[in-house]
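Model the full structure from these sequences, guided by the hints.
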Amino acid sequence: MPKIIEIKGFTFHYAGSPRPALTDVNLSIDDGEIAIIAGPSGCGKSTLLRSINGLIPHMYSGTYIGEVYINNLKVSEHTISEIAKHVGYVFQNPENQIFMFSVERDIAFGLENLGLPREEIKKRVDWAIDLLGIREIMHRAPHEISDGQKQRVAIAGVLAMKPKILILDEPTSLLDPLSALDLITTVKHLHDTLKLTVIVVEHRLDLLVSIADRLIVMEDGKIISNNEPREVLKDDRLLTVGVGVPSIVRLRHLLKDACIFKHLPLTPSEFVEQINVAQR
Amino acid sequence: MYWVANAFIFRRGDSPIHILDPRIKLLISIELFALSLISSTLIHIGISLAAIFTIAALAKILKRVYRTLMFSAGFSVLIFVINFLVGYSIITSFVLAVRFVAIVGSTSLFFLTTSPDELEYVLRWFKVPQDVVFAFVTAVRFVPVLMLDAIQIMDAQKSRGLELEKGNFINRIRKLAPILIPLVVTAVIRSSELAEAMEARAYGAVKKPTSLYTLTLKKRDKLVGIASIMLFTTLLLYFLNLTG
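Chains P and X, in that order, give the protein sequences.
In terms of the working numbering, the first sequence opens at residue 1 and continues consecutively.
In terms of the working numbering, the second sequence opens at residue 1001 and continues consecutively.
FYI, nobody ran anything at the bench for these hints, they're computed from the structure.
None of these values were measured; they are calculated from a predicted model.
All C-beta atoms, glycine included, are put in the ideal place defined by N, C-alpha and C.
Accuracy of the hints is not assured; some may be wrong.
Restraint-style ranges between C-beta atoms, simulated for each label pair [stated by the list, open to error]:
#1 P:S28 <-> X:K1127: 28 to 34 Å
#2 P:T79 <-> X:K1166: 32 to 38 Å
#3 X:Q1157 <-> P:S146: 24 to 30 Å
#4 P:T79 <-> X:T1186: 28 to 34 Å
#5 P:N26 <-> X:A1187: 35 to 41 Å
#6 X:F1169 <-> P:I224: 24 to 30 Å
#7 X:T1186 <-> P:R204: 44 to 50 Å
#8 X:T1214 <-> P:L73: 31 to 37 Å
#9 P:R204 <-> X:F1169: 23 to 29 Å
#10 P:D147 <-> X:T1234: 23 to 29 Å
#11 P:S146 <-> X:T1138: 48 to 54 Å
#12 P:D147 <-> X:R1160: 23 to 29 Å
#13 P:E82 <-> X:L1148: 33 to 39 Å
#14 X:K1207 <-> P:S17: 32 to 38 Å
And the structure:
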């Protein structure tokens, strides 16, 4: 499997900060994976994401050791706008990444910045609008649409640039449970249809573990766990780290001695299924 | 200050004026502005106001223009009194006072019928540098956002016992500090997030970014533009003849 993200011995120290935000991080992610990054606030998740899309080291001053490669490009040797063609970054607050007065114009923003010809911009904006199902709001202003819709507009604006990697920083934190579920379903759909590599930072794992290929847990600027979600969640020490371990996994850990479970259930339906199997 | 904002807040419309090219709307607005400025008799100012109201009626924004003018009438009373006290005749003072109303009216016509979007295109058309245009766009774009922030902060401070409506003038101003300081802080945080997001969407990647839409003059725009210039020139000559 080709590695689309390759981080080698990366340490980053923000200028003026007493300790490094990332310490000797090694990580490689395969093309087409869905990876979750979890960990308590201040564990270095955002710093890791910033070093993937080039905001680090190009926009944030600080010192670093090691290298980050995206699609075999050395991030430190390419501008953020070049990296932007490979990495789409959806920030936590959709409000602060919608710039223009209408949805349609905002989706065109990145393409205009790249200096693409008008016909190409039109084609891609149209494509992204249909992809995210936001055609009926395409002429609305940002203050006329809901948070869930803003999130979709932000994703459309990023995907219009046709990146291979989609990064979502706590995409559900401002959404109600139903919109959150809706968004995760959309992300899964985008991943499947566009063959994207998706990296999601999320505290609450309930919604995501069942669709993810990899769960990365961080603490104090280090990766403490990096494997398939089921393997990572087997470790009950995670319960104390400050990661939103799914309730069903917590329940399994509480049922220590009940050995009816062949493997760790990640969702309520898996849980029920295994109980049914055991009863038979 | 609310009325000032209200006079210049755009609402979507589909009147014959709204659908004009923004450059033509700007042209008409400037023409009316100039006519108002050189009006020196009751007849002149009457013609100018009639023109402003006609266009407002066509744009179906008569009520909003009227409201704006009523608010600016407060200032014009002041202008009247000062001019009269300085020694001008009642009629001259009156013309000067009404002239102010007409000037405000002509300017607000443009802003009431032009979306910020169109304004942005006009700025680009005038070859205003990209960074300046973008600063303008984000400033206007974030007005409603910051207004919501301000309301939230006010609610939070009020619920902690801040009484905004009490006290004399000086005290009330002093009480704005607990509102303004958090508001500025949130605005700064927003702008730093905005900067990150701009970078991530390749802002500044090429010297001359392209644009999804550009302004093109349609037939009706050309017609209206030429007609307005002809009318304007006629009136201008008429106004200057009488004064000169």
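Now for the hints, and whether the structure bears them out:
A hinted range of 28 to 34 Å is violated for the C-beta pair S28 (chain P) and K1127 (chain X), which are about 48 Å apart. Taken as a hint, the range 32 to 38 Å is violated for the pair T79 (chain P) and K1166 (chain X), whose Cβ atoms sit roughly 55 Å apart. Separation of Q1157 (chain X) from S146 (chain P) is about 27 Å and conforms to the stated range, judged on CB atoms against 24 to 30 Å. At roughly 30 Å, the beta-carbon separation of T79 (chain P) and T1186 (chain X) lies within the given 28 to 34 Å, and the hint holds.
For N26 (chain P) and A1187 (chain X), the hinted distance range of 35 to 41 Å is satisfied, since their beta carbons lie about 39 Å from each other. Separated by about 59 Å at the C-beta atoms, F1169 (chain X) and I224 (chain P) break the suggested range of 24 to 30 Å. Evaluation of the 44 to 50 Å hint for T1186 (chain X) and R204 (chain P) yields a failure: the beta carbon distance comes to about 25 Å. At about 34 Å, the beta-carbon gap between T1214 (chain X) and L73 (chain P) stays in the expected band of 31 to 37 Å.
R204 (chain P) and F1169 (chain X) have their C-beta atoms about 50 Å apart, which leaves the hinted 23 to 29 Å range violated. The beta-carbon spacing between D147 (chain P) and T1234 (chain X), approximately 54 Å, falls outside the hinted interval of 23 to 29 Å. A beta carbon spacing of about 21 Å between S146 (chain P) and T1138 (chain X) contradicts the range 48 to 54 Å that was offered as a hint. Take D147 (chain P) and R1160 (chain X): their Cβ atoms lie about 26 Å apart, and the range 23 to 29 Å holds.
Distance hint check: the CB atoms of E82 (chain P) and L1148 (chain X) are about 36 Å apart, consistent with the given range 33 to 39 Å. Roughly 35 Å separates the CB atoms of K1207 (chain X) and S17 (chain P), a value that falls within the hinted 32 to 38 Å.
Of the numbered hints listed earlier, those contradicted by the structure are 1, 2, 6, 7, 9, 10, 11.
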